[in-house]
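Novice: Once you've looked at the hints, dock chain F against the given chain R.
There are 2 protein chains.
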Amino acid sequence: MKKEITIIGAGLVGSLLGIYMAKRGYKVNIFERRGDMRKERMSAGRSINLAMSDRGLLALEKVGLADEIKKIAIPMHGRYIHNMDGSTAFQPYGKEGQFINSVSRGTLNMKLMDLAEAHGVQLHFNHKCGAIDWTNNQVTFEISATEVYEHRAGIIFGADGAFSAARLQHQLQHDKFNYQQYYIDCGYKELAIPPTASGDFAMEVNALHIWPRKDYMLIALPNLDKTFTCTLFFPFEGEASFAKLTTEDAVKDFFAKTFPDAVSLMPDYVHEFFHNPTSSLVTVKCFPWIREDKFALIGDAAHAIVPFFGQGMNCGFEDCRILDELMDQYGDDWHAVLAQYQALRKPDGDAIADLAINNFTEMRDKTADPKFLLQKKIEARLHDKYPDKWIPAYSQVTFSPHIRYSEALRRGQQQEAIMQKVMQLPDIESKWDSEEVERMVVGEL
Amino acid sequence: MKKEITIIGAGLVGSLLGIYMAKRGYKVNIFERRGDMRKERMSAGRSINLAMSDRGLLALEKVGLADEIKKIAIPMHGRYIHNMDGSTAFQPYGKEGQFINSVSRGTLNMKLMDLAEAHGVQLHFNHKCGAIDWTNNQVTFEISATEVYEHRAGIIFGADGAFSAARLQHQLQHDKFNYQQYYIDCGYKELAIPPTASGDFAMEVNALHIWPRKDYMLIALPNLDKTFTCTLFFPFEGEASFAKLTTEDAVKDFFAKTFPDAVSLMPDYVHEFFHNPTSSLVTVKCFPWIREDKFALIGDAAHAIVPFFGQGMNCGFEDCRILDELMDQYGDDWHAVLAQYQALRKPDGDAIADLAINNFTEMRDKTADPKFLLQKKIEARLHDKYPDKWIPAYSQVTFSPHIRYSEALRRGQQQEAIMQKVMQLPDIESKWDSEEVERMVVGEL
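Sequences listed follow chains R and F, in order.
Going by the working numbering, the first residue of the first sequence is number 2, and it counts up by one from there.
Going by the working numbering, the first residue of the second sequence is number 2, and it counts up by one from there.
Rather than coming from a laboratory, the hints here were simulated on the basis of the structure.
Treat the hints with caution; some may be incorrect.
Copies of the same chain are indistinguishable here, so a pair counts whether it falls within one copy or spans any two.
DSBU-like cross-link-like pairs, simulated, lysine-lysine; straight-line CA separation at most 30 Å [unchecked claim]:
#1 K245 / K177
#2 K177 / K372
#3 K286 / K347
#4 K63 / K258
#5 K177 / K215
#6 K245 / K129
#7 K347 / K177
This is chain R alone, in the form it adopts within the complex:
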């Protein structure tokens, strides 16, 4: 008989994993700390947009959800840069026809929950993971201050996010547990751009808007209701920081100087600045992810990353897809499945964590640098002429779901070293598309 599957966390990854397992004939129980978001109002101001790209879509295809999600997604074909001087520029993400998708986190999560239930998955809300007894495979959930439920689990998955309670139980009861949590110096705050008076999008809709300002940035993603959700990534401390902007005047002054073209589009930003929460951004790496044939961490619980590559959800969905493929290979041999899952996914989780940190510098600083834009242009040309040999790092991560993150990191570093040399050529501005440059690159590959 197939074992029961206990999933802790009914977020994006927990719900998708439940569907995968139910389709394989497992009895699945998902326990969620919060109430049912389909019945209750979500708290506002925290990461309501996702950038879904090919890895996420590939994982959804396998459960037949990709087409439905595409219908509620807004394609973003590139970065729309808003410079300090009011000028703008558009930088395509990939080749013609390649794009990422702005998707509402809430809508996606609710669709996944519905589909999970349609496949027979049992969802239990307001169940907070307390203790896990590994010997007896027993998970204790707190239902209220006085009420607990003891669940006899088959295989346990911790899919409960960056601050995973399941991981904490695993860690506290594990000898030699490697663990790292690293907060970057910036936090984020969400602001809103409503539709225009005539009811239209206030800016170009099919783009991810960036106001790169070196040490910080504002970004905006489009929503189906013709609003944009803006996110300010901003230092906690220092010259320009959340700590400094403590009065309405200070906020108005700063925004007027720093984001002049955005201010006119955000009628409520001062109120939002003081009422929306300031959230922090953490990277979590840990090891091991599994316990024998009993337990595995998945998604953010295994590898929380910063959002600057738009890969958090994509990576978590890929965890589910890879796990599913391993079950094609190893069937119900959970020892083998989990061991292989960890062996494959740990280096990829580490790699996308590092890539995501690096991309913050790229987004907030380099996208405003003409030299960087020229480099991107050269790389795009190389990609056109040598589509298999030269794939820009961004495209490897975003549009090449069969290249592993760890491979994308390695190849990206190799290509960056070559581009460093290329960019130092005298007169590179005038001969960027010359045969000389092309020969040099091909010679180095």
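Specialist: Below, chain F alone, put in the same frame as chain R:
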């Protein structure tokens, strides 16, 4: 009035810190989880030797203990290498007259406790740090299963080692706490070499003995009672590992093949192998180390490192010396003292953590490599001719207490890059002491 000083942990660093503070006129209370080691027998088999070098001695000089410790220390002038084929080699640590010191951890700790009490420090044993209430500066100590003591603290120092309870309280109550714990794949086990039948040291006494075997190693440090304490650093899992050596025959077989000349000196090693504990080796990095003017982590509690550079205690003692020097500068302005302490010591703690990890590879693998020995010879020659410009990394860390660890790491990496080029010269074996090599190095500096 001066604030009271509460120190959690009466180990090496806590005791030394207590002396420093008492000498400045502070009322000091030290709370120790264990009983008084001066009255109770210590548990055997865990890191009973220390390699005291110039940083540790400098910190002891300031409290007048250096001379007394030198009397009970055994100078080790270099590495005494035992190769697989039975051949041996001696590699000096520094210049003529430079050496590190084998010191008994227990003896040193007891002397520090005695001196602390002589300075009026109150030592409280069997007090286990439970909760810390930061708002009211109150520390709760568990004395027994039913009895607690609530201590009203002035300034609180967490000096309670790699698995610090004080740090855990700090972490649990701190937003955005950066934390990393990393276990290496090797553990360690202590074995003993008794004196010879005639009552003498069984090997050369003034050296640190190493049996480098690539993925693992055995080392031995001399003790005053003419014994050596051996430590086997060995993988937990894999081909040759603790997991594989589960029978007496397997252990005998392995040692006879791998450490033939050591086996004959260790009559009890098989018994010890199965009865002494296998300990793990962790690196801990965290941030912040301090809370306003109330609290600071110090020693292993702030920066636990692996033992391969012999710097754990030296670094903790240096923490105390730097803190003391900052009080010369800032007096009782604890806000300034702690902020500067953290700003200075965090990068140095990170640096020695990384240096210590790197030195494992050097000790277990490179010390048996003729090419590496040649490189050491070239570097020693450069150091002789340019004593200020070229100081080998090992000497910077060990014999140059006024070079910061972070500076030693930086300069060491720079020198290593130069030496990589030097070692690739054709015929370097024959022209290692030529003017050509010298000119090349000087040109690169």
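Novice: Determine for every hint whether it applies to the structure shown.
Specialist: Comparing the hints with the structure gives:
For the identical chains of this complex, K245 and K177 are inter-copy neighbours only, at 19 Å across copies versus 41 Å inside a copy, given an alpha-carbon limit of 30 Å. In this assembly of identical chains, the alpha carbons of K177 and K372 never lie at most 30 Å apart, being 46 Å within a copy and 35 Å across copies at closest. In the homo-oligomer, the alpha carbons of K286 and K347 lie at most 30 Å apart both inside one protomer (9 Å) and across protomers (21 Å), since each shortest distance falls under that limit. In this assembly of identical chains, the alpha carbons of K63 and K258 never lie at most 30 Å apart, being 48 Å within a copy and 54 Å across copies at closest.
Taking the shortest Cα distances, K177 and K215 sit within 30 Å of each other only across copies (23 Å), while inside one copy they are farther apart (40 Å). For the identical chains of this complex, K245 and K129 are neighbours neither inside a copy (37 Å) nor across copies (41 Å), given an alpha-carbon limit of 30 Å. For the homomeric pair K347 and K177, the shortest alpha-carbon distances inside one copy (17 Å) and between copies (24 Å) are both at most 30 Å.
The structure shown violates the earlier hints numbered 2, 4 and 6.
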